[in-house]
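J.: So the chains spell out like this:
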Amino acid sequence: MSFGRFYRLIADNADVICFGIWVTVQLAIISMLIAVVVGLIACLGSLSRARILRFPSMLFVEFGRNTPILVQLIWVHFAWPEILGIKFSAWTSAVIALSLQSSGYLAEEFRAGIESIDKGQIEASQALGMTYQRLMRRIVVPQALMRMIPGILNQFVTCFKSTSIVSVIAVPDLMYQAGLIVSMTFLPMPVYSFVALLYFLMVMMIALGVRFATRRLPQFGYFNQHHGRE
Amino acid sequence: MQSSQPVKPLVRLSAVWKRFGRLDVLKGIDLDVSDGATVAIIGPSGSGKSTLVRCLNHLEPIQDGTIDIDGFLITPRGVEKNGRLLPQREVAKFRTLLGMVFQQFNLFPHLTVLGNIIEAPTGVLGRDRAEVTDEAMDLLAKVNLGDKANTYPAQLSGGQQQRAAIVRSLIMHPKIMLFDEPTSALDPELIGEVLKVIGDLAIKGRTSIIVTHELAFARDIASKIAFMDAGLIIEEGPPDKLLTSPKLDRTRAFIARIR
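These protein sequence lines are chains A and B, in that order. All letters in the first sequence, in the order written, are residues 1 to 230 by the working numbering. All letters in the second sequence, in the order written, are residues 1 to 259 by the working numbering.
In case anyone wonders, no lab produced these hints; they're calculated from the structure. Don't be surprised by glycine CBs; every beta carbon is placed ideally from N, CA and C. Certain hints may be false.
For each label pair, taking beta carbons as the anchor points, the in silico distance ranges come out as [as the list claims (entries may be wrong)]:
id: 1; chain 1: A; residue 1: Glu62; chain 2: B; residue 2: Asp24; range: 37 to 43 Å
id: 2; chain 1: A; residue 1: Arg51; chain 2: B; residue 2: Asp200; range: 48 to 54 Å
id: 3; chain 1: B; residue 1: Thr151; chain 2: A; residue 2: Ile83; range: 55 to 61 Å
id: 4; chain 1: B; residue 1: Asp187; chain 2: A; residue 2: Phe63; range: 49 to 55 Å
With these hints in hand, go ahead and build the complete structure from the sequences.
T.: Listed below in structure tokens is the structure:
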């Protein structure tokens, strides 16, 4: 295939490809935003002293982490409507499945972040009269979030790549759009090669951004506080 | 009614017992601290000094005995007032009665010095931000940190951090100050500046309990010294008496060793 024909193939289908990119980006961002909130809630739930909160939260986290994304997607899209009696669009199923998996991983990330906060921080907060809710909100979670930013961004990269799977339930993401073009042109080699290159460039850009952002993070010079106690 | 003690002490520990798992750390502590007094607690490492002060603001629950603090009663059940067990929210309020200074300072690294100081008075006590800031700047000037208000803790020396931590406690206007080895994590040349702030500012007109290894300092500021060993207060008395002519061999050996 000459470069001229390749260029025409892409140019002719630019709108289809751009729409696919837009859907992919939207899916990744919306799923991640939901996953950050749900992951934080699940994490606080699994750290809770109340069993009624802790067990469902832990189950949710482990399920999200320990089932394949394809299984989750198919399960949400085809089983949930029957279980819940509501019908979702393919797009909704995709967002649910993607955020389910990411929130599981993020919850673990959050838990590690919160548990890495020095016990002395909690004691100092308590000694100043803060309630558990206040010291979590004002002292522990802000510090933990700073430490979690690299983990959140890395999960975003993973989530972005996972979006390609939603094409199996006919969500018109980049991968699905590529399939459309192939079915019209019968030219799988140039189309899929171009799409692979697009994914590679987009993920590389995000990953480089992550690396840059992580290095520039204010650290407030976290120092090792070890604990003398008797 | 005890005729020998007409004035009820502000803090009274009775047979306080504290256990970590199967390890008994406090084995029946009795101690009275009268209003306005400064009590220094000395003793070897592992004798339970830190645990004792941490029980006073209920950072550590106790397993037996009672601690009476200004009308509140700490028991193995929790913190009680007039026989009623206080819920979490009111235990937090009770803790504002006591200020605490830690060995490791425990400043909040994500807040500036000023942010550290005004967090609790504005958030917990609901005081006006501008007014608290004025008071904070005033106190910072008194501890020679007037120019460090907008600095993050990690940029300060240990001595500066501890002075900021003391201001953070004082601005809550606690009735009682607790110090848990406030200079033990400091380089020797920084100890003096912190002790000066404690002596000149923190304990002035305030009931204080201080765990320390600085015997000369304890002698200067304390109205009473208690010597702890293996979970018990085995000797207590006025500083001059306890430090120069202790009754027990254990006390004498400890004082000789630390000098």
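J.: State for each hint whether it applies.
T.: Outcome of the hint check:
1. A/Glu62 / B/Asp24: 37 to 43 Å: Distance hint for glutamate 62 of chain A, aspartate 24 of chain B holds at roughly 39 Å.
2. A/Arg51 / B/Asp200: 48 to 54 Å: About 51 Å separates the Cβ atoms of arginine 51 of chain A and aspartate 200 of chain B, which means 48 to 54 Å holds.
3. B/Thr151 / A/Ile83: 55 to 61 Å: Given range 55 to 61 Å: holds, Cβ gap about 56 Å.
4. B/Asp187 / A/Phe63: 49 to 55 Å: Check passed, 51 Å falls within 49 to 55 Å.
Checked against the numbered hints given earlier, this structure breaks none of them.
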